[in-house]
Structure formats: C-alpha cells, structure tokens
Amino acid sequence: GAVVSQHPSWVICKSGTSVKIECRSLDFQATTMFWYRQFPKQSLMLMATSNEGSKATYEQGVEKDKFLINHASLTLSTLTVTSAHPEDSSFYICSASLAGGDGQLFFGEGSRLTVL
Amino acid sequence: DAKTTQPPSMDCAEGRAANLPCNHSTISGNEYVYWYRQIHSQGPQYIIHGLKNNETNEMASLIITEDRKSSTLILPHATLRDTAVYYCIVRVAGGNQGGKLIFGQGTELSVKP
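Here the protein sequences line up with chains A and B, keeping their order. The first sequence begins at 15 in the working numbering and counts up by one. The second sequence begins at 161 in the working numbering and counts up by one.
What the hints contain is simulated information worked out from the structure, not anything from laboratory work. Take these hints with a grain of salt, some might be off.
With a straight-line Cα cutoff of 27 Å, these simulated DSSO-like cross-link-like pairs (lysine-lysine) come out [said to hold, decoys possible]:
id: 1; chain 1: A; residue 1: K55; chain 2: B; residue 2: K163
id: 2; chain 1: A; residue 1: K78; chain 2: A; residue 2: K55
id: 3; chain 1: B; residue 1: K229; chain 2: A; residue 2: K80
id: 4; chain 1: B; residue 1: K212; chain 2: A; residue 2: K55
id: 5; chain 1: B; residue 1: K260; chain 2: A; residue 2: K78
Among the chain B residues that face chain A by a calculated CB cut under 8 Å, a handful are [to be verified]:
id: 6; residue: Q202
id: 7; residue: G203
id: 8; residue: P204
id: 9; residue: Y206
id: 10; residue: H209
id: 11; residue: L211
id: 12; residue: P236
id: 13; residue: K260
id: 14; residue: L261
id: 15; residue: F263
id: 16; residue: G264
id: 17; residue: Q265
Quantities reported herein were computed from a predicted structural model and do not represent experimental measurements. Don't be surprised by glycine CBs; every beta carbon is placed ideally from N, CA and C.
Work out the full structure: start from the sequences and follow the hints.
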C-alpha cells in the first residue's frame, strides 16, 4: 500500500516555542491530507483538512492561528504548533488521500509532541 | 460526531476468530464502511472497506447486513499481534478527495494466549 511518512516521530520543546511536523506521501500524490490529534487513552480527533494549494479547513474548536497548516505540494503538508504550551502535548497524526483513487486514506506513523 | 457504535472492549483467544460488531444505523447510500486498527502509539492501519457486498482480503473479512445498518469485522485466526483498537467508520468515498474520516471510540481487542 501507499506510504505516508511523518517527521519527526517525536519532539520535545520548551513552552513558548514553535514546532513544525512534516507529513509526506512517499510514493503517491495526495491532493488532500488530514491532521489528527490524539490524547492518551482517547480516540483520534480530526483537526483540519489540508488541500494542496489552498487554505486548510479547520474543525470547530481548533485554533487556526495556533495550528498552522501548509500544503504547498502534492506530497507534503506541514503542521506548525505555534507558541506551544504543555496542554498541546499530544500525538499528532496525518493521513493522505490517494488522488484519483477510491478515497482510501493512508496514515503516517504519528509524531509525539511533548512541551515542557 | 461519529456515526458508528462499537463495544468498548472485547477479548479473544489466540487462534480463534475475532468477530467485531459495528452499528451504523444512519448510514447514507453513498457511504462506505471502513475498518482501521491502531496498535499502541502507532498510526492507524487500514484493514478493509465495503459498500454493501461482503468483502475479504488477506487481513480480514467484512460482513455487511442487507439493510447496511450494521457490519462485522472478522479476523479469522487472531494472533497476539492483532491486539489493538479497532475503528469502524462510515465515510463517503471516491473522487479526488473523499470524505473526512471521523473516528469514534473504537473497540479495544485483547487477544489472549
């Protein structure tokens, strides 16, 4: 199946700094990517839908100025957590939809963010 | 909100079939049933999906009732490595984008020796 890669797989940062997480589709083009957040013992929560070449669509309650999403190419989307605080510590997961396919989503391995 | 209902947890003996139920009574005609699983601290893994016919692949079988209001994922010979949280999701598929994948709470399957 298609491969989606996230980087970094884990990151620790100080409160107030910004952190960028990359999501790449390695062997296919993805017109749409989705970003999720998952807290311990909870399910995945959709944060935003990222479409190549246009602004991301954020789910209700997700601050677009805090979670900046850029989808500049068909193989790369980035999520930047700005001015991170300890409550932003979470597991962030991206998924990509195969362009022209049957809409099956492929997920990255996830990126664990710890804000001190 | 998720459109599916699953039992929060299930146990299964190693080597036996694991049957995971899912209710999706409000499913629309153009929505598929998708199953994913998540092993601890990893990204979700695609298992199988279907519209109205039963489906089978190398990982599992998907049985969808005739009225499409419920389905069952079957792992024919569960192994310890199948211990994971299993998510049943309904979603519009097809086209260049497809619909959003909204996760419910899933079923935590524990396969025991």
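Structure-based check of each hint:
1. For the hint linking K55 of chain A to K163 of chain B, the alpha-carbon distance of about 20 Å falls within 27 Å, and the restraint holds.
2. As the CA atoms of K78 of chain A and K55 of chain A are separated by approximately 25 Å, the hinted pair is consistent with the 27 Å bound.
3. This hinted pair does not check out: K229 of chain B and K80 of chain A have alpha carbons roughly 39 Å apart, beyond 27 Å.
4. For the given pair, K212 of chain B sits about 32 Å from K55 of chain A by alpha-carbon distance, which is inconsistent with the 27 Å threshold.
5. Only pairs whose Cα atoms come within 27 Å are accepted, and K260 of chain B paired with K78 of chain A is accepted, the gap being roughly 18 Å.
6. The interface hint given for Q202 of chain B is met, as the beta carbon of that residue sits about 6 Å from the closest beta carbon of chain A, less than 8 Å.
7. Annotation: interface hint on G203 of chain B holds; nearest CB of chain A at approximately 4 Å, less than 8 Å.
8. With a least beta-carbon distance of about 5 Å to chain A, the hint placing P204 of chain B at the interface is held under the 8 Å criterion.
9. Evaluation of the Y206 of chain B hint against chain A yields a held restraint, the C-beta minimum of about 6 Å falling below 8 Å.
10. Checking H209 of chain B against chain A: minimum C-beta separation of about 7 Å stays under 8 Å; hint holds.
11. Given hint, L211 of chain B at the interface with chain A, is violated; its Cβ is 10 Å from that chain's nearest Cβ, farther than 8 Å.
12. For P236 of chain B, the suggested interface contact is broken, since its CB lies about 20 Å from the closest CB of chain A, more than 8 Å.
13. Look at K260 of chain B: its Cβ gets to within about 6 Å of chain A, closer than 8 Å, so that hint holds up.
14. A cut of 8 Å between beta carbons decides the hint on L261 of chain B: the least distance to chain A is about 6 Å, and the hint holds.
15. A cut of 8 Å between beta carbons decides the hint on F263 of chain B: the least distance to chain A is about 4 Å, and the hint holds.
16. Given hint, G264 of chain B at the interface with chain A, holds; its Cβ is 6 Å from that chain's nearest Cβ, closer than 8 Å.
17. Look at Q265 of chain B: its Cβ gets to within about 5 Å of chain A, closer than 8 Å, so that hint holds up.
Hint compliance for this structure: hints 3, 4, 11, 12 are broken, all remaining hints hold.
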